[in-house]
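Chains as they are written, first to last, in full-length UniProt numbering: chain A, 1 to 396; chain B, 1 to 515.
Honestly, the hints are just simulated from the structure, not real lab data. Just to be clear, a hint being listed does not mean it is correct.
Unchecked claim - Below are the SDA-like pairs computed for lysine to any residue, each with C-alpha atoms no more than 20 Å apart in a straight line:
(1) A:Lys299 <-> B:Leu447
(2) B:Lys490 <-> B:Leu447
(3) B:Lys461 <-> A:Lys299
(4) A:Lys129 <-> B:Gly400
Source: prediction; values computed, not measured.
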Amino acid sequence: MNLSQYFARIKTAVSQNDGETLAELLSYSNYPSLNIRIPTMSRKPSAILTIARKMLPDAWAEIVADFIISQIKLDIFECYEWFAKAMKRFNIIFKTHTNWSLPVLFTFCSTLLKLATESDKEKIAYKQKPEKLEHARELLLQSFKITTNDRKSLDISKKFGAIAVVNSLFFVYFKINNLRMCKNLIRSIETPQFPSLDKFSISQTVTYKYFLGRLALLNSEYKKAEEHLTYAFNNCTKYHKKNKAMILLYLLPIQFLKGKVPSKKLLIKYPIPQFKGIVESYISGNVNEFSNCIIKNQKFFIQKGIFLILENAKFIVYRNLFYRTYKISNINKINFSIFQKAFDIIGVSISLDEIECILSILISQKKIIGYISHKLSTLVLKKDGAFPKLNLITKN
Amino acid sequence: MINSNFSANNETTFNPTLFIQQNLGNTNFKNLQYGSSQINKNQKLSNYQTTKQTTEKQTDLTNPPKLKFFFAKALINCNSFKQKQQMTEKIKELIRIATINNQLWSIDWINYPIPQIEKDMKGLRINEQNTMTISGYGLTSHTIQTNTDNKQDPISQPTFLHFERKRNNNIIQNSSNSFGMNINSSDEDYKKRRTNPNFQVSINKTELNEKNNNNMNMKNKKKKNKKKKNNLPNKKLQDRAKRFEKDTSLTNKKLFLRNSKTEAVIGTSTSLEKQYLRITSEVNSSDVRPYEILKKSFQMIMDKWNNEHDYNYCCEQLKSIRQDLTVQVIRDEFTVQVYQTHSRLALENGDLGEFNQCQTQLVELFEQGIRPNIHEFIAYRILYYIVVNNSRGVIKVLKGLSSYDLQEFTIRHAIDVYLSITSGNYFNFFRLYKNVPNKGNYLMKHLIEKQRIIAIQNMLKVYLPEISLEYISKILAFNNTENCRLFMNKNFKIVYSKKDRFSIDTRKTKLNIKK
Numbered sequence: 001m002n003l004s005q006y007f008a009r010i011k012t013a014v015s016q017n018d019g020e021t022l023a024e025l026l027s028y029s030n031y032p033s034l035n036i037r038i039p040t041m042s043r044k045p046s047a048i049l050t051i052a053r054k055m056l057p058d059a060w061a062e063i064v065a066d067f068i069i070s071q072i073k074l075d076i077f078e079c080y081e082w083f084a085k086a087m088k089r090f091n092i093i094f095k096t097h098t099n100w101s102l103p104v105l106f107t108f109c110s111t112l113l114k115l116a117t118e119s120d121k122e123k124i125a126y127k128q129k130p131e132k133l134e135h136a137r138e139l140l141l142q143s144f145k146i147t148t149n150d151r152k153s154l155d156i157s158k159k160f161g162a163i164a165v166v167n168s169l170f171f172v173y174f175k176i177n178n179l180r181m182c183k184n185l186i187r188s189i190e191t192p193q194f195p196s197l198d199k200f201s202i203s204q205t206v207t208y209k210y211f212l213g214r215l216a217l218l219n220s221e222y223k224k225a226e227e228h229l230t231y232a233f234n235n236c237t238k239y240h241k242k243n244k245a246m247i248l249l250y251l252l253p254i255q256f257l258k259g260k261v262p263s264k265k266l267l268i269k270y271p272i273p274q275f276k277g278i279v280e281s282y283i284s285g286n287v288n289e290f291s292n293c294i295i296k297n298q299k300f301f302i303q304k305g306i307f308l309i310l311e312n313a314k315f316i317v318y319r320n321l322f323y324r325t326y327k328i329s330n331i332n333k334i335n336f337s338i339f340q341k342a343f344d345i346i347g348v349s350i351s352l353d354e355i356e357c358i359l360s361i362l363i364s365q366k367k368i369i370g371y372i373s374h375k376l377s378t379l380v381l382k383k384d385g386a387f388p389k390l391n392l393i394t395k396n
Numbered sequence: 001m002i003n004s005n006f007s008a009n010n011e012t013t014f015n016p017t018l019f020i021q022q023n024l025g026n027t028n029f030k031n032l033q034y035g036s037s038q039i040n041k042n043q044k045l046s047n048y049q050t051t052k053q054t055t056e057k058q059t060d061l062t063n064p065p066k067l068k069f070f071f072a073k074a075l076i077n078c079n080s081f082k083q084k085q086q087m088t089e090k091i092k093e094l095i096r097i098a099t100i101n102n103q104l105w106s107i108d109w110i111n112y113p114i115p116q117i118e119k120d121m122k123g124l125r126i127n128e129q130n131t132m133t134i135s136g137y138g139l140t141s142h143t144i145q146t147n148t149d150n151k152q153d154p155i156s157q158p159t160f161l162h163f164e165r166k167r168n169n170n171i172i173q174n175s176s177n178s179f180g181m182n183i184n185s186s187d188e189d190y191k192k193r194r195t196n197p198n199f200q201v202s203i204n205k206t207e208l209n210e211k212n213n214n215n216m217n218m219k220n221k222k223k224k225n226k227k228k229k230n231n232l233p234n235k236k237l238q239d240r241a242k243r244f245e246k247d248t249s250l251t252n253k254k255l256f257l258r259n260s261k262t263e264a265v266i267g268t269s270t271s272l273e274k275q276y277l278r279i280t281s282e283v284n285s286s287d288v289r290p291y292e293i294l295k296k297s298f299q300m301i302m303d304k305w306n307n308e309h310d311y312n313y314c315c316e317q318l319k320s321i322r323q324d325l326t327v328q329v330i331r332d333e334f335t336v337q338v339y340q341t342h343s344r345l346a347l348e349n350g351d352l353g354e355f356n357q358c359q360t361q362l363v364e365l366f367e368q369g370i371r372p373n374i375h376e377f378i379a380y381r382i383l384y385y386i387v388v389n390n391s392r393g394v395i396k397v398l399k400g401l402s403s404y405d406l407q408e409f410t411i412r413h414a415i416d417v418y419l420s421i422t423s424g425n426y427f428n429f430f431r432l433y434k435n436v437p438n439k440g441n442y443l444m445k446h447l448i449e450k451q452r453i454i455a456i457q458n459m460l461k462v463y464l465p466e467i468s469l470e471y472i473s474k475i476l477a478f479n480n481t482e483n484c485r486l487f488m489n490k491n492f493k494i495v496y497s498k499k500d501r502f503s504i505d506t507r508k509t510k511l512n513i514k515k
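Generate coordinates for the entire structure from the input sequences, incorporating the hints supplied.
Structure representation (structure tokens):
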């Protein structure tokens, strides 16, 4: 396809208000497959713009020209800059549109993120200050305002673009580690005037819920986090294995706290290499192995914000160990020295006092039912049901 | 009448391409490239045109156009709203006198001296804040418009330029907003206009409100429109624009210099002691001590501390040393040493506020690559965040650490403290408390009481039928059993078991709820 053919196709799409086709023509990932031939003579930005102006209505000519230039440029920074220009211009005319051009907004958002992250990576590699994501944030906020402030009736409302933009903004905020700003976004989506979430495309809602889950996780609101992430996991299509694995990465630690363990099948289907060893040691109550696994990937877990929750899950591992000891000894008055032996077997040297402390914490959290007799240094368990199912325990 | 005209105009659809063809048919390519900005201008233009047509019959000029320039020129130097108000008042007075004396047309307004007003620093700062927020978010349609008006691409600019240019725009815009019709408008109106991106609406409002008073401004506007419409900008107009550019860039430069730390002073004072005073004005180099003197002074203060242990004196002296270092932009190992010594002293004396100030400076210094004792101080920072109950802060610190740092003993210790608190592992917590590296115990001290109470509550819940004071005092790191008893008495209603006064009945002992 040569340049004028390409412009002609864009022109028809614009005149017919055909957002889908237009989005395909202006998509970053589709661009190579369009195979647009541009003669070397007219590879200059100004030349492309003149051609575009001849063919297209003015505002679109600039957007399309900037887009093509951003695709031609080899330097990633220039790519980003030209694309950001296109996005900016798009935002201006987007204000006047009804919601037909939403598909274009979606592709533009994702392209912007892609280019911004790439160029920031490059900047970090050169040990410079990354700033493109910060810049992208401003552009995205412009789009966000346009979408949420649309007061037109719902069938032509641009509000249906809001979730996609919010997802992009979440992405940016997580990258630049500025999570305070997320609250405002959520607030504006949770207003009663906003259309309910099931009216959006499932991919957008899944991403939105995924981010909500992660935010709740960081605020230690485990119940909320589990709800959001479970929704995201169940509704994410099975073709997106990478995404599902990503959701599991945050979902599984919460489930550990509740005593739930993923099946082997699940972990084969959606492998998370960092969890290798963690699940096995969790089940067997091997605290030593469990701690080692965490320390091995400590950096990764801290970056992902699940370090704390995994460390707290350690107490469930202790409990599993105590449970096994209890099952084997089959008495309900257990001396601490028996537990000490169990710790010996898994290679942990531990004092009786520490065992006592761990037990007392587990009992006070009602994860074990019984009491401690300090004088006899014995744990006295309830006759039956001393180890209740963890997901039945209501704890904050 | 005017109002109806405006609304009608808003409804008619506007064709940008047509307009560009009409107005810019002969212009070169450079103008075309920034067509979108032209559209904006033209859109306004078309609105003005219609106004002009309807009110053309009233074109007897009561005010000279030069007065308009004078007014704008005067306002460009005002940085705050308050100043603008004052300036407007003064000019109103001038105009009044001129009209009485019939000199309104004869005065050479362009070269007329601008009336002086008080320059208030507060106003300056307020204005900075305004522009800061705008540049920080860059979102209001206000700024969108100004950006497109500008022919430079904002992205390709380094951040500083970006910031400054926005400020330029802002100032120019403010002045242009106000110079047309600010004379008689109230505060509220002014604010509305400032925030209202839709220029024409605000014109509309003022014209309605102040039809009688504001005749002169309307006419000014009309004149301006005429010029714009013909697309033949007066040479004077251009000159004026140039002058504004110069003016604003100059003032901005000054502002920037004052704000930044680039303006290093080299001190000449030789006194070893100096009272700490917060800097409120320009630094006088005779009050500042140079590097060598500071080193001597630091040594002297440390000697004094070792002999006399007067924290208040040392704190003040160290603060003034820190101030002198900042003023002279000295950032090296010595600076780090001063800050670290001060943090340690602050810790020992329980001055957490001062400690935190030093910490924030140290973080910056570490980022610059001056990193002696970095692990010790990262550990302090983690502990500090635990003390002030800021778990986000802890996580933020952890995220910035490398895997090597994470295994370092002092840092590992601080992380373990954090984990033992979140999981409630009191045994671990007090074990860690007994082996704190460096001066961390001064920070952990702040945590102890709360942790002890939580732990004892936990024990009372779990142990049956009794628990010995000795055990509690051992686990919770009391010096002796009597101390433990005192602490228990203070916070709990103790009921001893029947045997003796060394074991506590766990069922009957309750937390003392005094508060």
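Each hint, compared with the structure:
1. With a CA separation close to 27 Å, the supplied pair Lys299 (chain A) and Leu447 (chain B) exceeds the 20 Å bound.
2. Between Lys490 (chain B) and Leu447 (chain B) the CA atoms are separated by roughly 17 Å; this keeps the pair inside 20 Å, and the hint holds.
3. Distance hint between Lys461 (chain B) and Lys299 (chain A) is unfulfilled; the C-alpha atoms sit about 37 Å from each other, more than 20 Å.
4. Of the pairs offered as hints, the one joining Lys129 (chain A) and Gly400 (chain B) holds, with about 15 Å between alpha carbons and a cut-off of 20 Å not exceeded.
Violated hints for the displayed structure, listed by number in ascending order: 1, 3.
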